[in-house]
Each structure stands twice: as structure tokens, then as C-alpha cells.
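Taking the hints into account, I'd like the entire structure generated from these sequences.
4 protein chains.
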Amino acid sequence: MTYLSNFESIIEKYKVIFFDAYGVLRNYNGLFPGIEKTFALLEAKQKEYYILTNDASRSPRQLASIYHQMGLPSISHHRIISSGMLAREYLDLKVHDGIVAYLGTSNSAHYIESSRLKTLPVSLIDESNIDLVNVLVFLDDEGFDWCRDLNKTVNLLRNRTIPVIVANADYAYPVNKNEVSIAIGGVASMIENILGREFINFGKPDSQLFMFAYDLVRKTSMATKNDILMVGDTLFTDILGGNKFGLDTVLVLSGNTLSADRDALIASTGIIPTYICESAVVG
Amino acid sequence: MTYLSNFESIIEKYKVIFFDAYGVLRNYNGLFPGIEKTFALLEAKQKEYYILTNDASRSPRQLASIYHQMGLPSISHHRIISSGMLAREYLDLKVHDGIVAYLGTSNSAHYIESSRLKTLPVSLIDESNIDLVNVLVFLDDEGFDWCRDLNKTVNLLRNRTIPVIVANADYAYPVNKNEVSIAIGGVASMIENILGREFINFGKPDSQLFMFAYDLVRKTSMATKNDILMVGDTLFTDILGGNKFGLDTVLVLSGNTLSADRDALIASTGIIPTYICESAVVG
Amino acid sequence: MTYLSNFESIIEKYKVIFFDAYGVLRNYNGLFPGIEKTFALLEAKQKEYYILTNDASRSPRQLASIYHQMGLPSISHHRIISSGMLAREYLDLKVHDGIVAYLGTSNSAHYIESSRLKTLPVSLIDESNIDLVNVLVFLDDEGFDWCRDLNKTVNLLRNRTIPVIVANADYAYPVNKNEVSIAIGGVASMIENILGREFINFGKPDSQLFMFAYDLVRKTSMATKNDILMVGDTLFTDILGGNKFGLDTVLVLSGNTLSADRDALIASTGIIPTYICESAVVG
Amino acid sequence: MTYLSNFESIIEKYKVIFFDAYGVLRNYNGLFPGIEKTFALLEAKQKEYYILTNDASRSPRQLASIYHQMGLPSISHHRIISSGMLAREYLDLKVHDGIVAYLGTSNSAHYIESSRLKTLPVSLIDESNIDLVNVLVFLDDEGFDWCRDLNKTVNLLRNRTIPVIVANADYAYPVNKNEVSIAIGGVASMIENILGREFINFGKPDSQLFMFAYDLVRKTSMATKNDILMVGDTLFTDILGGNKFGLDTVLVLSGNTLSADRDALIASTGIIPTYICESAVVG
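Chains as they are written, first to last, in our numbering: chain A, 1 to 283; chain B, 1001 to 1283; chain C, 2001 to 2283; chain D, 3001 to 3283.
Honestly, the hints are just simulated from the structure, not real lab data.
Predicted model, so just to flag it, every value in this text is computed and none were measured.
Note that the Cβ used here is the ideal one computed from N, Cα and C, for glycine as well.
It is possible that some hints are incorrect.
Over the 12 Å line for every Cβ pair with chain B, so calculated as not near, a few chain D residues [to be verified]:
id : residue
1  : E3012
2  : R3061
3  : S3076
4  : D3092
5  : N3151
6  : A3183
7  : G3186
8  : V3187
9  : S3189
10 : K3219
11 : V3281
Derived Cβ-Cβ restraints for the label pairs, each shown as a range [said to hold, decoys possible]:
id : chain 1 : residue 1 : chain 2 : residue 2 : range
12 : D       : S3115     : C       : L2216     : 28 to 38 Å
13 : C       : L2216     : D       : A3223     : 51 to 61 Å
14 : D       : S3115     : C       : L2093     : 17 to 27 Å
15 : D       : S3115     : C       : G2283     : 35 to 45 Å
16 : D       : D3126     : C       : L2004     : 32 to 42 Å
17 : D       : S3115     : C       : D2092     : 36 to 46 Å
18 : C       : N2006     : A       : S106      : 55 to 65 Å
19 : B       : D1131     : D       : G3034     : 35 to 45 Å
20 : C       : R2158     : A       : D92       : 33 to 43 Å
21 : D       : A3223     : A       : L4        : 54 to 64 Å
As C-alpha cells, this is what we get:
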């Protein structure tokens, strides 16, 4: 487990590759230099690929457009599976009318809006509309006043028995080399503790994101779980989730998991990747 | 939410019904009187149905045979989806050779055995074979000496970095009107705490059991999630898992959830069934 | 356990009474009508009494002055034991110089300031002084910008290995009949989860607040734990803490614990008060 | 924090030394060679000392006798403070009659017995005496049948609303160089999870063990917290508990905390000892 494998020779063995985004393809500085060669190789070898991301702040279309601007024109929005898509599917299936209260930017809410469901930021919930609120969604850590709106959220949930969705279960995300920001999943977990409740969490390591991607794979190919490789930089989300879903997994050392810590971390967590690679950049 | 619905009129609206077993179809006394009428109605109306159970102590074939003996001859083993099947799928996909150490009866181990994988109870692991152990599975609370073998398990996992599977995540199960038994999920959780690790847990409320059943549904019909109803007696497993997967759900009051507590429990957990019924017995 | 006792006849049996403040003596509306009769009785009977409060937002002197203004002139600041006093004792004993970074109002910080230790709100920590920060204290939920300063706190603690004190471990507090506010203990718990650390929490149910009060009792009397009664409205803080410390306890139903829920709550938590009374108001 | 101090020059600065036992004075092989010189020095310099141990399986008298047999005749039972003493004090103060049900050896139960309270192992609780059981104590991991008696314990606690004491909160203890045993605290924690309750836990890092020792110190000397040094091998119990109580602390590297891990562990937990020493052996 302690030796490094060559990423190019690994992907050779699989038909479909699932990539985590942050720490694998890019970081706060933009795309990793050379990552476009990886996608050129995948196209040349006719491998299928998907990007699985715990990001609910933008629609897949908007996420794809960011990749295009950064210099990866080949990444279609059809290949991006976000935890926001699971939130949207939940609303489509389970909430038939009324208001979706949310914490996040108005841009993040736009994606979950539908003809049947009106979205409203928690800040605009008042006595006139509180009885119409049928679900609450944690979408993004930006776009609201934390003190005012989190207190309002606690009281809303004490008064209305409604389902609550956390569209991104991550606790924090890196913003530059030395600093992180608290993610909406960390904020949601505080509200869970205060209320003594467990919300519905989407995103890796939960199986539903993998299932969503696997359903897409099966629409266009005969690939089975044996043919799919999950590539990620985080043991607790990408590797644990991939393993549990039955996929082979690669831990790359270009993001959250430092080379110096990896063996100790694998031993102490028992989360064991099939392979370890320096990065997802080929040749 | 506080009114009771008629079970017969509910199932009318769906093409496929998923049932929990314990507390819904049967309890420690055997089948609920009249439950055979429910299955007769399902057959008459040509509804599909599956039984989703957090039981890894027996194979689906053995579980079906118990239903036959109790007087439900129509329940085929093809209709039983157990968390043991997920454990087996995991082993098939992720463990290629060596020994599967297990805690449980030899009967429970029989089902996860394969031509590639040899099963061995933890009690028989010793210096001669410990290096061949590639996975450990918690299968059943019976069949081993708790004090000796749980201590042995802790030391095995301190020495070998291997994946650990919990094939039944329940903490306890009822054995008669007044008493429960500690389930293997409760025992596994103790070992997790001692080691500071999280194992791979299968079974409701995790989505994979629902996904496994949904894959079977789609092989034989055009049904979508909108056409499926989950029937269960426990908010934290059946209803939470069903809701999260996007299914409509019925809470029945014939098992874990007492009629007197249900409204308080729903309000405090925020786990909201689509319907509440006295039981799954029709007319 | 299900019958109500008469508060006056209970206090007759003890030499010293410990009171929780909020929900026992007062709520958001001010003092409970008639509570002054309880203190008149205590004075007449020459009972010792202390108020034990998880409040670190004000000094005991300021807290006493609030009681004076509300109409209880007899409550001396010597009789008020707050979790802020434990925070201050910790700083006196364990932190010898440098800066105490804090989250809270400047008023709450004033009390923990000393000739050796300078206090500075987290918002004013920057590159010029970060290396002088030797401890961080969570004091109050007001007085800072949650989003900006909690993110800053996370990064401060990732960069400096320093002790962290939570001067009030409560997760929420009532602000009127229908609403609560998130307390600084709830906010601190989010930061603990994000960092994977446990901070030093003071306040009930922890024994140190009881010990601090008991040390004061022993300075002026021969009373032992058998002679002390703890009066509180919350099972998880007042009653659990009092029981564990070896005191007899009274649960009053004038605050957090509703009369309708009390028996179910006692049975499910196993936290058993010696007595239950309607309130701490006598005759 | 990364440099090692000389233990002899540290103890020079304090009037009273608190020692953890296991990993500091001894391990599974017996006393650490040379530790008798430490105690000779303490006697010569007229330092007070106490041994604070999370051990409820034996009385202080029996624990002292083991030190005598191993070659430390000077350790009087008056100097040994065990978490079993806290359990006994709790029973003395809070349980006035009836039966103390226990899990442990009959030897461990002997110490908590009194003229008012009869002890009975859980295995002997039956319909004839269950209504007399007024408290349950987790004492030792030996002396009972885990499967039978832990299941019996769960059902006893579902039927009787009584306080539960855990006399040793440790999850595991070393039995030789490579192996640990599950401690009664680990077992108790499983039962807590199954029942959804929190028991009363005594022992480090809880403050009550330190308070008990500090009360003894103050009976015979004018020493304050500033004069006391806590010596331990475990960050989470000895050092966290000592720090929180306001004592200076020494982490010794002769037990649980390996020299190679110590800096990473201190940084990730934020539990910071005042000093670090190779061991508690002088000269």
C-alpha cells in the first residue's frame, strides 16, 4: 500500500473513471497544470468519465462553464454529477407544493426551483408564509447573515415539522494554501446538534451520488462496477464512498491527503484505497 | 399527519411495495394474523413487492423458507433483499483472495463464502493465518464467545489494516413482548468506538439496500421511484431510508413505534412518513 | 417519582441551597412572581444559598446588579457562581502571559482580563499579534460577526496549538415564549467538529462549578454534601450535575422541563431528581 | 513543546505530585526499573504524592498491597485515589437502601458494599429481587458472562429507571506489548448507545478524581493548585483532566503516547502538557 502507482497504467484497466473535482483536477489556484493531458488521453482511449462533486452552490451547467473558462473545453455538463442534483431529485420526488426555504446564494437556489416549488431565503420567511414552508435546504455558506438567519432557522424548525436537506455535507473547504472556510455542511451539523435531529445529507461518502452516476453509465454502456475507477484526494469521502459502493479507488496526493500522513491515516481509519498516485496528471 | 390511513387504499396508488419484515409482517410470535390477505391482494392486483431486511444471519433462501413454514408460501427468495446480500456483493467486488474473518454463526458465514474466499470464525484466527485475513465481517450476535472473540477482534484490527463490514447495523432486536437482544450492529459499534474507526455499515437507512431492490424492480418493469411505496415500523431505518431514496413511505404501528409516541417522535426527529397506518394487514 | 412535593417542606431539610438561575428564579419576562418570598424564607431560616449559572457574558457583580434592579436586593455577588469564574480561574492558573483571543462582547472579556493577560477579540488578531495568542475563549454569542470571525477562529486554531475554553457549554437559550437563540456553546461545538478537537468546557453538568460552590460553602460552615440541595429546571445540566456531585436534587417545572414530558424524559434519560416541584416559589 | 525536560528538575518546583499508575509507574511487566528512586527522592525532599487511577477492580488497600509486593513498600493505601472510591462515595451519598446490581468480579463488588446496600451480580437479578435494585454499577470487565449478562443489563435498564455508574471510563487497557483488552468503560459505552442514555462516568479526565485528591491535599497542607503537578502518559485522561483542573502537567513517554507520535497528537488534539519527559524515573 505504501508504493506509488502510475496513474496512466491504472486507468488503462477500467472503462469508466469517476473523478472528484477539488484536489484532483483543480484547487484554489485553478486547474492543475497538465490535467488537460489526462482528459485528452481519456478521449483518445474512449474511456467514459464523470465528475462527482459535493458542490451545491452552482448548477452542473455553471460548473462546466467554469471548466471551459479554465481551459478544459471538453467537460460537458452531462458529465458533472453534483450533490445539488440529488437535492433537486429529492424535491422533485418528495415535495409537491409550497415553499422551499433555503440558506445560500440566490444563484444556488435557482437550480432547485421548479414550476411547482417556490424558493425563498430563510431571511424572507415571516408569519405570512411560514405555514407554506414544506422543506428547508442548506445550499451554500454564502448569501446570508449567519447570526440572524441561523437563529431564524433554528426557530423555524422548532415550529414546523418539515424535512431538512443538506446539499453539501462537507465541513470545510480550502480557500488558499493556508486557509479553509467553513462549508454549509459544518453549519448544518451545528443546527442538527442544537435541535437533536439528523438531517438528510447528500454527497460523498453517501452512496446516492455514486448511484446517480452509475445509472448514467448504464444508460450508455454495459459497464459494471468492476469496470469503474473512483479517483479522489480524500479518504473519508471519495475513497470510503467508492469502496463501499464496490468500486476500485485511487487516492491522489495532490489535495487533502498529504504524502507524509497517508500511511498513518490509512492505518488509523481503515479506509484503504486500491491504489495511491502522486496525482491524476498523466505522463 | 396525525390521522390514520387505510392501508388497502394506499397500496392501490403504487405499482411496487417494499416491506420491512420485523414489526410489519411478523414479530417474535410469528406472522401477524391476516397478513396473508395482504399478499393475496398484492397478487390479485399484480403489484410487485419486495422484503427489505437488515438480517445477515440467514440467506434469502433460508429466510424465504421460514415464511413458507409460517404460512406464506408465496414469498419467493427472489423477493427478499437482505443486508447480507450487500455484504456478499462487497466481498465479490472488492476482496479477491484470502480469508474472510467473521463474527457470527457458521450458518451466517456459509452465505458469504465463495470459491475465491475462505471464511474463518475469529476464534480460529491465529499466527499461522492472520496475515491471510483480508476483511472482517460482523454477521450475527450468536455463534461466538463475546468476551474472548471481541477482545481478539480488537487486537486483530490493531494489527491488520483491513476493511471491516457490518452486515446488520441494528443495535437491538425484540425477542419477546418485554425483552430485546443486543444485535451485532450494537457490538460492532462498540469496537468502532474502541478503535476510533468507522466500519462499512450496510442495511437501512443506508441507500444501498434500496438501490439493490430498485435495480431488481427496473429489470422487470418500467416503474420509477414515484411508483414505489416503502412500508416500515421504524422511523430511523425504514422511513428515513425510504424518504431519502425518494420513495413515499408508510409508518405502521404494529412494531417499534407505539401509537402513543408517534406524533412526538415524528416532531422531534423530523422524519415524516407520507402515511401512517395501524398495520399492513388489509380489510 | 411522579408526585409533586412542596418546595417549602423540602428546603427545611437542608442547610444550603444551590439554585440554577434561568427557569428557576427568572425567565425572559423577569423574576418569577413570588420568588422574593423564597429568599425571605431562606434568610429567616438562616439557610445558605448560592446561584450556579452557565453564564459567562457578565461578571458576578453585574449579574447581582440585575437581580437588584429586578427586585431581589438581597442577592450578593458573593453568592453567584458563574462558568465565567471557572474560565477566569483557568487563565489565572494556566496562562502566564500573552494574548487571550475571545469571541463575545467586550463587556464579557473585561471580566477575564488581568494585569498579566491582554484580551483581544478574534477580529483584531492579525499577523502582527497571532504569535502572542496563548489561549482562545468562547464567551458570548454576541459582539462579533459570526461568518467572518468563526472562519477566522478555525484558521487561527489550525495555525496555533493553544488551549481553547468554552465558558458556557449551553447550546441554546430561550429569548421569549416561542423562540430560542443559539448560545456560544452551540457555536463552539461546531468549531470542535470542524477541527476534530474537544475544547475545555466549563459549566453544569461538569463538576467544577459545583466544586467551586462547595469550596465556598466549606469556608463558612461545616456543611457536607448531604446538607446541600440543588434546584434546577434542566435534567441534563442541573440535575445530572447535582446528582453526580452527590447532592440531592429538585427538578422544578417552571422552565425547560414541561410537566407533560417530565416522566417520559426521566425514564428515557435515566436522570432522576430526588424531588419534583411545580416551582421554587414558596407558599 | 518538542524538547524533553528532566523529570527531577521539574518536581523540584512543586510541593505535591499526582501520578497516574499504568504507563507511568508500571506496565504489564511490573514496575518500571528505577521508579523506586523517584519515590525515595520524593520522601527525601518531603514532597507529597498521590496516585490517581481509573481502576475500580480493587480497593486502594489491595492496590497498595500489589505495589508492596512489586517492591514499592512506601506506597500507603492512603495515597491511592481510585475511580472506585468515587463510585463508593456516590452510593454513600445518593443510594439509601436496596440492591446494587453490578458487572464485575465479586472482589470488585466487595469494596462498594456497605451496611445499607447489598451488592448482587447482574446474573443473580431475577423477578424476586428486580424491584429492589436501585442502582447499577459497571465495575470490571471480568467476572461475568458478557453475552448473557450484557443482554440482561439492557433489559434490566429498560424496565427500571435507576441511575447507572461507570466506575472506570477507560475503553481498553494494555495486557502485553502487543495486545489490549476491552475495559468495562468500553462495554458500558455500548450499552449507553443501545439505550440512548448517558451514564454517570467517574475517573480521569473528569474533575472529580482530581477534586477528591485535592481535598486530601488540603487536609494536611497549605498547598494550592499552583503547587501540584500531574504526571501521566495519556493526553486524553491525565493531561486533559489535569489541565482543566488547573494543574501543571507532565506527559511521560513510557506508556500510551509514543515519542514518534507525540507532536502530531498534541497539535491535533490541542491537549498541551506543560512539560514532556522520557519517563518518571529520576537520575
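Hint check:
| no. | hint | in the structure |
| --- | --- | --- |
| 1 | E3012 | holds, 37 Å |
| 2 | R3061 | holds, 28 Å |
| 3 | S3076 | holds, 34 Å |
| 4 | D3092 | holds, 31 Å |
| 5 | N3151 | violated, 6 Å |
| 6 | A3183 | violated, 9 Å |
| 7 | G3186 | violated, 5 Å |
| 8 | V3187 | violated, 7 Å |
| 9 | S3189 | violated, 6 Å |
| 10 | K3219 | holds, 38 Å |
| 11 | V3281 | holds, 27 Å |
| 12 | D:S3115 to C:L2216: 28 to 38 Å | holds, 33 Å |
| 13 | C:L2216 to D:A3223: 51 to 61 Å | violated, 19 Å |
| 14 | D:S3115 to C:L2093: 17 to 27 Å | violated, 41 Å |
| 15 | D:S3115 to C:G2283: 35 to 45 Å | holds, 38 Å |
| 16 | D:D3126 to C:L2004: 32 to 42 Å | holds, 34 Å |
| 17 | D:S3115 to C:D2092: 36 to 46 Å | holds, 44 Å |
| 18 | C:N2006 to A:S106: 55 to 65 Å | holds, 58 Å |
| 19 | B:D1131 to D:G3034: 35 to 45 Å | holds, 38 Å |
| 20 | C:R2158 to A:D92: 33 to 43 Å | holds, 39 Å |
| 21 | D:A3223 to A:L4: 54 to 64 Å | holds, 57 Å |
Hint compliance for this structure: hints 5, 6, 7, 8, 9, 13, 14 are broken, all remaining hints hold.
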